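Novice: Chain by chain, the residues run as shown.
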Amino acid sequence: MSEPLKDFTTVVPFWQPRVTPVELANATDEQLEAMKVTVSNTKIGEYTLVLALDPETLQQRTPLFNGIMYGRGGLSRAETELGAVAASVVNRCIYCAAVHANRYNELTKTETVIGSIFGSTESAAEETKLDPRTAALMDFATKLSQCPPEATKADVEQLIENGLSMGEVLDLVLSASLFGWANRLMHVLGDPLPQD
Amino acid sequence: MDIFETIVAKAAGITSASPLKGALTLRSDILELTENSHEASLRPIQPGGLAHAERAGLACRMAKQNDEASLARHYERLFSVGSQVIANTGFDGGDDARLKAIIRHTDLITTNPKEATAEDIAALRAAGLDDADIVRLSELIAFVSYQVRVVAGLRLMAEVA
Numbered sequence: 009m010s011e012p013l014k015d016f017t018t019v020v021p022f023w024q025p026r027v028t029p030v031e032l033a034n035a036t037d038e039q040l041e042a043m044k045v046t047v048s049n050t051k052i053g054e055y056t057l058v059l060a061l062d063p064e065t066l067q068q069r070t071p072l073f074n075g076i077m078y079g080r081g082g083l084s085r086a087e088t089e090l091g092a093v094a095a096s097v098v099n100r101c102i103y104c105a106a107v108h109a110n111r112y113n114e115l116t117k118t119e120t121v122i123g124s125i126f127g128s129t130e131s132a133a134e135e136t137k138l139d140p141r142t143a144a145l146m147d148f149a150t151k152l153s154q155c156p157p158e159a160t161k162a163d164v165e166q167l168i169e170n171g172l173s174m175g176e177v178l179d180l181v182l183s184a185s186l187f188g189w190a191n192r193l194m195h196v197l198g199d200p201l202p203q204d
Numbered sequence: 005m006d007i008f009e010t011i012v013a014k015a016a017g018i019t020s021a022s023p024l025k026g027a028l029t030l031r032s033d034i035l036e037l038t039e040n041s042h043e044a045s046l047r048p049i050q051p052g053g054l055a056h057a058e059r060a061g062l063a064c065r066m067a068k069q070n071d072e073a074s075l076a077r078h079y080e081r082l083f084s085v086g087s088q089v090i091a092n093t094g095f096d097g098g099d100d101a102r103l104k105a106i107i108r109h110t111d112l113i114t115t116n117p118k119e120a121t122a123e124d125i126a127a128l129r130a131a132g133l134d135d136a137d138i139v140r141l142s143e144l145i146a147f148v149s150y151q152v153r154v155v156a157g158l159r160l161m162a163e164v165a
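Residue numbers (this note's numbering), protein chains in the order written: chain A, 9 to 204; chain B, 5 to 165.
Some clues are possibly wrong.
Said to hold, decoys possible - Straight-line Cα separation of at most 25 Å, PhoX-like style, residue types lysine-lysine; simulated pairs:
id, chain 1, residue 1, chain 2, residue 2
1, A, Lys161, B, Lys14
2, A, Lys161, A, Lys151
3, B, Lys68, A, Lys14
4, B, Lys118, A, Lys151
5, A, Lys151, B, Lys68
6, B, Lys104, B, Lys68
7, A, Lys151, A, Lys137
8, A, Lys14, A, Lys151
9, A, Lys161, B, Lys68
10, A, Lys161, A, Lys137
11, B, Lys104, B, Lys118
12, A, Lys161, B, Lys25
13, A, Lys44, A, Lys14
14, B, Lys14, B, Lys25
15, B, Lys68, B, Lys14
16, B, Lys68, B, Lys118
17, A, Lys151, B, Lys104
FYI, nobody ran anything at the bench for these hints, they're computed from the structure. Nothing here was measured: the structure is a model prediction, and the numbers come from that model.
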């Protein structure tokens, strides 16, 4: 078996669970409902099948995740992805970082921002040449992701000075916080392996 | 649901009179789902091997480790028998091997998730948790980690607004 990946990548890895996922054929009605399984949708990923072991939280988590990442208006899709990337770098969730860095690159049609972020894992905003707005976003989301959170009023003011509305700041808070959640599932309950 | 009555809004001190009212109202669906996730993580209908009292104690412990006093007080209000000792961050589970493994794991994933390895899941199994309880515990830790950051972010926004 391949060794789990240790370094950040934009190539989405294969996620191998450390616990035994629900078998779709044996899933309870509650688990099926939480996984949103329908007749036309029977291809369910391993991650969802693992989370279906606790259907009550999964039932709420899926619409929450989609609402924060793909909700209408507010912070752009790309900058929302940046909040996810910042948290995933702090928490060293190789899988989440890859998925969301990849989406960021697709949305922005550039690889230089993620290249800079992945190049310096601890203090991305300081060591690299991100534009001021991107640096402010990364800095805030990185600090919020520490335990305890280290973001300050001055960091929010920095976001406002770089043109974010309060609604956009809220969306960044939600995206970074959501990955404080997602990383603690993905990175804890499974291993990222290289795709064959 | 009144979004200004949700746990995160109240912990951050945001009322309907706040200048942030408009921004929060636009994301009322997220605040409602956050509240629902709190119920599913802290007071699930089917708690499995993780009792409500243990969940409240662990959540309070996590809030303290994040310097989140308002949420810690909220979780104290959910306490029942056994919660209080778990919420004491100096307590490591004592002679109870199962509780000791749960507390060790909760502390690690709350404060330093990047260090998690396959051995940490194996340690929970060795202490008697089945896979469903491992996922339940993971969701609880993950949810509270999300919640403390939402509250911290909202509070900073309120200071600037």
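Novice: Can you list which hints this structure breaks, lowest number first?
Specialist: 3, 13, 17
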